[in-house]
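Student: Here the protein sequences line up with chains A and B, keeping their order.
Taking numbering that gives the first Met the number 0, the leading residue of the first sequence gets 0, the next gets one more, and so forth.
Taking numbering that gives the first Met the number 0, the leading residue of the second sequence gets 0, the next gets one more, and so forth.
In short, the hints are calculated from the structure, not lab data.
A portion of the hints provided could be inaccurate.
Reference excerpt, derived from the structure (chain B facing chain A, CB under 10 Å, subset only) [unchecked claim]:
no., residue
1, G186
2, Y190
3, V204
Heads up, simulated DMTMM-like pairs for lysine to aspartate or glutamate below, C-alpha to C-alpha not over 20 Å straight-line [unchecked claim]:
no., chain 1, residue 1, chain 2, residue 2
4, B, K208, A, D390
5, B, K208, A, E454
6, A, K278, A, E470
7, A, K161, A, D134
8, A, K277, A, E255
9, B, K181, A, E324
10, A, K147, A, E182
11, A, K392, B, E9
12, B, K181, A, E294
13, A, K278, A, E124
14, B, K181, A, E255
15, B, K208, A, E255
16, B, K115, A, D304
17, B, K181, A, E369
18, A, K424, A, E294
19, B, K181, A, D390
20, A, K161, A, E176
21, A, K323, A, E369
22, B, K181, A, E358
23, B, K208, A, E391
24, A, K249, A, D463
25, A, K248, A, E454
Computed Cβ-Cβ distance ranges for the label pairs, DEER-style [stated by the list, open to error]:
no., chain 1, residue 1, chain 2, residue 2, range
26, B, M197, A, H110, 44 to 50 Å
27, B, D138, A, L94, 51 to 57 Å
28, A, Q132, B, L102, 45 to 51 Å
Heads up, the beta-carbon is just placed ideally off N, CA and C, and yes, glycines get one too.
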Amino acid sequence: MNNAIFSLKKVSKVFPGVRALDGVDLHLYPGQVTALIGENGAGKSTLVKTMTGIYQPDGGEIIFNGKPVQFHSPHDSHALGITAIHQETVLFDDLTVAENIFLGNYPMTKHFSIDWSTMVTRSQEILSSINAQMDPNQILRELSIGQKHMVGIARALSVDAKVVILDEPTAALSHHEIHELYELVNTLRDQGKAILFITHKFDEIFTLADRYTVFRDGCYVGEGFIKDTNEAQLVEMMVARSIEATYPKKDVEIGETLLEVSNLCHTTEFADISFSLKKGEILGVYGLVGSGRTEVMQALFGTTDHVTGTVKMNGKEVIIHSPKEAIDNGIVYVPEERQKQGIVLELPIYQNVSLPQMERLAKHGQIDEEGEMALARQYCERLQVKASCWDEKVMNLSGGNQQKVVIAKWLATNPKVIILDEPTKGIDIGSKAAVHEFMSELVDSGLSVIMVSSELPEILGMSDRILVMNEGLIVGELSRADATPEKVVSLATGGSVAC
Amino acid sequence: MLKRLIYSREGVLSIIVLAMFFGVGVISPDFISLSNSVSIFNDTSILIMLALGQMLVILTRCIDLSVAANVAFTGMFVAMVNQYFPELHMSLLIFLSLFIGALLGAINGLFVWLLKVPSIVITLGTMSIYRGATFLLSDGAWVNSHQMSESFIGLPRYEILSMPVLGWMAIAAIILFFWAMKFSVWGRNFYSAGGNPMAAFYSGVNVGKVQFYAFLVSGTLSGLCGYLWVSRFAVAYVDVANGFELQVIAACVIGGVSIVGGLGTVVGCVIGALFIGVVNNALPIIGVSPFWQMAISGLVIIIAVIANATSDKDKARIILRNPNANDEIRAN
Numbered sequence: 000m001n002n003a004i005f006s007l008k009k010v011s012k013v014f015p016g017v018r019a020l021d022g023v024d025l026h027l028y029p030g031q032v033t034a035l036i037g038e039n040g041a042g043k044s045t046l047v048k049t050m051t052g053i054y055q056p057d058g059g060e061i062i063f064n065g066k067p068v069q070f071h072s073p074h075d076s077h078a079l080g081i082t083a084i085h086q087e088t089v090l091f092d093d094l095t096v097a098e099n100i101f102l103g104n105y106p107m108t109k110h111f112s113i114d115w116s117t118m119v120t121r122s123q124e125i126l127s128s129i130n131a132q133m134d135p136n137q138i139l140r141e142l143s144i145g146q147k148h149m150v151g152i153a154r155a156l157s158v159d160a161k162v163v164i165l166d167e168p169t170a171a172l173s174h175h176e177i178h179e180l181y182e183l184v185n186t187l188r189d190q191g192k193a194i195l196f197i198t199h200k201f202d203e204i205f206t207l208a209d210r211y212t213v214f215r216d217g218c219y220v221g222e223g224f225i226k227d228t229n230e231a232q233l234v235e236m237m238v239a240r241s242i243e244a245t246y247p248k249k250d251v252e253i254g255e256t257l258l259e260v261s262n263l264c265h266t267t268e269f270a271d272i273s274f275s276l277k278k279g280e281i282l283g284v285y286g287l288v289g290s291g292r293t294e295v296m297q298a299l300f301g302t303t304d305h306v307t308g309t310v311k312m313n314g315k316e317v318i319i320h321s322p323k324e325a326i327d328n329g330i331v332y333v334p335e336e337r338q339k340q341g342i343v344l345e346l347p348i349y350q351n352v353s354l355p356q357m358e359r360l361a362k363h364g365q366i367d368e369e370g371e372m373a374l375a376r377q378y379c380e381r382l383q384v385k386a387s388c389w390d391e392k393v394m395n396l397s398g399g400n401q402q403k404v405v406i407a408k409w410l411a412t413n414p415k416v417i418i419l420d421e422p423t424k425g426i427d428i429g430s431k432a433a434v435h436e437f438m439s440e441l442v443d444s445g446l447s448v449i450m451v452s453s454e455l456p457e458i459l460g461m462s463d464r465i466l467v468m469n470e471g472l473i474v475g476e477l478s479r480a481d482a483t484p485e486k487v488v489s490l491a492t493g494g495s496v497a498c
Numbered sequence: 000m001l002k003r004l005i006y007s008r009e010g011v012l013s014i015i016v017l018a019m020f021f022g023v024g025v026i027s028p029d030f031i032s033l034s035n036s037v038s039i040f041n042d043t044s045i046l047i048m049l050a051l052g053q054m055l056v057i058l059t060r061c062i063d064l065s066v067a068a069n070v071a072f073t074g075m076f077v078a079m080v081n082q083y084f085p086e087l088h089m090s091l092l093i094f095l096s097l098f099i100g101a102l103l104g105a106i107n108g109l110f111v112w113l114l115k116v117p118s119i120v121i122t123l124g125t126m127s128i129y130r131g132a133t134f135l136l137s138d139g140a141w142v143n144s145h146q147m148s149e150s151f152i153g154l155p156r157y158e159i160l161s162m163p164v165l166g167w168m169a170i171a172a173i174i175l176f177f178w179a180m181k182f183s184v185w186g187r188n189f190y191s192a193g194g195n196p197m198a199a200f201y202s203g204v205n206v207g208k209v210q211f212y213a214f215l216v217s218g219t220l221s222g223l224c225g226y227l228w229v230s231r232f233a234v235a236y237v238d239v240a241n242g243f244e245l246q247v248i249a250a251c252v253i254g255g256v257s258i259v260g261g262l263g264t265v266v267g268c269v270i271g272a273l274f275i276g277v278v279n280n281a282l283p284i285i286g287v288s289p290f291w292q293m294a295i296s297g298l299v300i301i302i303a304v305i306a307n308a309t310s311d312k313d314k315a316r317i318i319l320r321n322p323n324a325n326d327e328i329r330a331n
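Just chain A, same shape as in the assembly (with noise of 0.2 Å):
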C-alpha cells in the first residue's frame, strides 16, 4: 500500500495536571477511511484540535506528505488542505449558502473587494460534487436541518481538502440522511482523500472504514485492518476488558400502582397519554425522535403549559405546575443535555447536590451547611463522584463525574419516581453499564423509574413494560415477555404488531 499522507507520531498534548495525548500515533492514507475509536475521555477530541491546529502538541511530530509541519494555528493546517467536519457544525443562519461556505476564506477581487460572482460559482461546483441541491443565494434559514448539513460539509471542502476529518458527523441526523452522508465519504474516498472517521457506532466503522485505530485514556492502543478484525475484539482493546452485552436487570418484586396518569392532552404536542407505574417498576418509552415522548416527562415535571388530564400520586389526584411541585410530589426528571441542563459549574459540588431542596434544608430561610455537606457525602460516595473535596466547583470535574453530580442531584431528593430522558446518550460502553447497573439499583430500593430511549437493546434489555409512542399518541404497550425489536420498531414507526 502507498504510504500515509498525514501522520501522527509519539504526539503529546499536557494540560496542566493531565496528559490527554500520551505518545499517540496515527497514520491516514490517500483513498482509505481511517476509524479512530476509544471511549469518552480517550482523547478524541485533543487530537482533532492538534491535528487542525487549534491545540499545539507538546511533544512529537507531526508529518504530511513527508515532511514535518507545524501547525501556529487552524489556518495552517487549513492551508494545507487538512480540513474538519463537526459533530455540529456551527454555521450562520442569517447569510447565503454561499457566504457560508466560504466564510472566513472569501474569494477576493484584485481591489481586495470580495468576489461574489466567483464565490458563488465554486459554491455551485462544490454543492454539486457533493450531490447537494440547492441555491447558493438563498439564505440559510430558510433550508431543511439535513440541508444545513450538506452546507458545513460544503463549507470544510471549501478548500483543497486532502485530508478530511468527520467527528461523529451521524450524530444529529436521521437515518436517511446517514444513508446520504455513508455515499459522501466514499466519493471523497473515490476522489483519493485521507479520511479520519470518529464514532461511537460499529455499524458505521464496519461499513465505512477500511483501518483502524484505537485509543484509550490518552494513549495509543493498537490499529490495523478493519477486515483483520471483529466487534468483539475492538471494544476489547477500548476498554481493556471484555464487556458481554447483557443487561444487568435484576427481578424486584413488583409493588402497588404508584403513579396514574389519564388523558393528559397538549394543544400541539400529544394528546390522551393514559398510564400507570407500579413501585419498584422500570417502564421504557420508546418512540422516535420527535415523537412526544420528552415532551410527555416534561408536562409530568411541570414545565410545560396548557396541558390537561389528571396525574395520580398513590391513588392522590396531584397538581403540577412548575419543577417544584413536582419535586414536592416525589417526581423528578433527569434531563437528557445533563451538563446543560442540571449542572452549575460555577457552584462547588454540595451547593448543586441541594440546589432542589434548600428550602427543605433550610430552617428559617437560613440554609443549613452541615446538612447540605452530609446530603452531598452521602450521595456523591454512593455514586462514587471523583473529586478532593466536596466544596470544589463542578466546573473543575470531568464530564463524567458532572453528570453523576446531577444524578446525585436528584437521588438527594429522595424521589418515589425518577424520569431519565437518554440516560445514556453520547458515553461510552464502559459507562452505560455502569448507568444500567445503578438503574437496577435504584428499583431496587423502592423507586419507580421511567426509561426514554431511543436505544432499542436498552429499552429491550432494562424495561419491565414498554410504552411506544408515534406522532404524540401512544400506540402500544408490551409486556417485558412480549417485546421483540420488531413489534417495537413496527409500532414507533405507525405500523401494528401484526406484521
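Chain A is fixed; fit chain B onto it per the hints.
Tutor: Here is chain B on its own, set in the frame of chain A:
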C-alpha cells in the same frame, strides 16, 4: 488558608487598595488618619449600597442602568415632600424613599420577569423615563438646602462613635448582604439562577422571579440612596447622580462580579467600591486632576476583566483516572 486568602481575587484587590491608601499616606500623612479614613468610607457609602444591589442584578445575568435615574427621581420626590410638608417625620420619609425606589425597581423587574424583555433594553428605557419624570415632577426647579428641614439634612450626618449615620447604613447593608448571600436560600438562588438558568429551572427555582427580586432590591437601595444623596449634598435637581450607574457597575466589575452572571461576592463588591472611593479621594491630594479618575477606573476595569479571562485559561478537566496510569500501563 492565609495563602488562599492572599491569592483570591478579593485578597489581591484589598492589597492593591491598601497599597494605594498607604502610598498616598506617604505623600500626605493626613490622608491615612483615622478621621480621614472614616470620611473616605462615608463618601463611598452610597456607591457601596448601590453596588450591592447592582451585584444581585448582574449575578442573574441582567443589568440595571436605571439606578442613577432612580436616585434622582426618588431624591427629588422626598425633597419636595419635605419642602411642602416639613413637619412629616423622618421615618416616614425614609419609608417613602424605600417604597418609591422599590416601585421603580419593580417596574424593571416585572418587564424582565413576565415579558422576558432583555434588561439592558428595559433599563435603558426606564433610565430616560425616570430622569424625565424627575424633570416633570420638579419642573426643572431645584430644591435647595434652605428649603429642606433640619432633620432632613441632619440625619445622615448624625455621628455615632465618630462615624456618620450614612456610613453606618452602608455597614448595615454589607452585613445584611453578607449574611443573605451566604446563608439564606434567597441569596443562594441568585447564584444558581445566574450560573445556569436552565439547571436552576429544572431544580425548581423560578428564575424570572429571582431576577425580579434582584431589580426590586436594586431599586429599593436606589430609593434609599436617593434620599441620602440629596440630603448629603443638600440639593435636589434633575441631573443628580448623572452617569453614576456606570461607576456602580464599575465597582461590581472591579470587585470580580462576572458580567455573564453567577459569580461574585459581597466582599469583592465592597472592595471594588472602596477602590473607586480611594482613587476619587486620593487624586486631588497627589495633585492629579479629577478628570483622570474615570480614566483610571476604566483602566482598572480592563485589567480586572483581563485578569478574569486569563485566570480561567489552561484549566483542563481530569481525564486520566490517575496521573500514574500511563506508567502502570507501560509496566504491564
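Student: Looking only at beta-carbon atoms, does the pair M197 of chain B, H110 of chain A fall within the given range of 44 to 50 Å?
Tutor: For H110 of chain A against M197 of chain B, whose Cβ atoms are near 48 Å apart, the range 44 to 50 Å holds.
Student: Given the proposed pairing of K161 of chain A with D134 of chain A, does the C-alpha separation stay at or below 20 Å?
Tutor: Not satisfied, since the Cα-Cα distance of roughly 26 Å exceeds 20 Å.
Student: Measure nothing beyond the straight line between the CA atoms of K181 of chain B and E358 of chain A; if it is 20 Å or shorter, mark the hint as holding.
Tutor: holds (14 Å)
Student: Holds or violated: are the alpha carbons of K181 of chain B and E255 of chain A at most 20 Å from each other?
Tutor: violated (43 Å)
Student: Below or equal to 20 Å on CA atoms is what counts here, so check K323 of chain A against E369 of chain A.
Tutor: violated (23 Å)
Student: Return the status of the interface hint for Y190 of chain B: holds when the least beta-carbon distance to chain A is below 10 Å, violated otherwise.
Tutor: Interface hint status for Y190 of chain B: holds (6 Å vs cutoff 10 Å).
Student: Do the alpha carbons of K181 of chain B and E324 of chain A lie within 20 Å of each other, as the hint requires?
Tutor: violated (26 Å)
Student: Mind checking the alpha carbons of K208 of chain B and E391 of chain A for me, to see if they're no more than 20 Å apart?
Tutor: violated (28 Å)
Student: CA of K208 of chain B to CA of E454 of chain A, is that 20 Å or under?
Tutor: violated (38 Å)
Student: Check the hint pairing K278 of chain A with E124 of chain A against an upper bound of 20 Å on the C-alpha distance.
Tutor: Between K278 of chain A and E124 of chain A the Cα gap is close to 61 Å, so the pair fails against 20 Å, i.e. violated.
Student: Quick one, are K147 of chain A and E182 of chain A close enough, alpha carbons at most 20 Å?
Tutor: holds (17 Å)
Student: Is 51 to 57 Å respected by the C-beta to C-beta distance linking D138 of chain B and L94 of chain A?
Tutor: holds (52 Å)
Figure legend: structure checked against the earlier numbered hints; hints not met, in rising order: 4, 5, 6, 7, 9, 12, 13, 14, 15, 20, 21, 23, 28.
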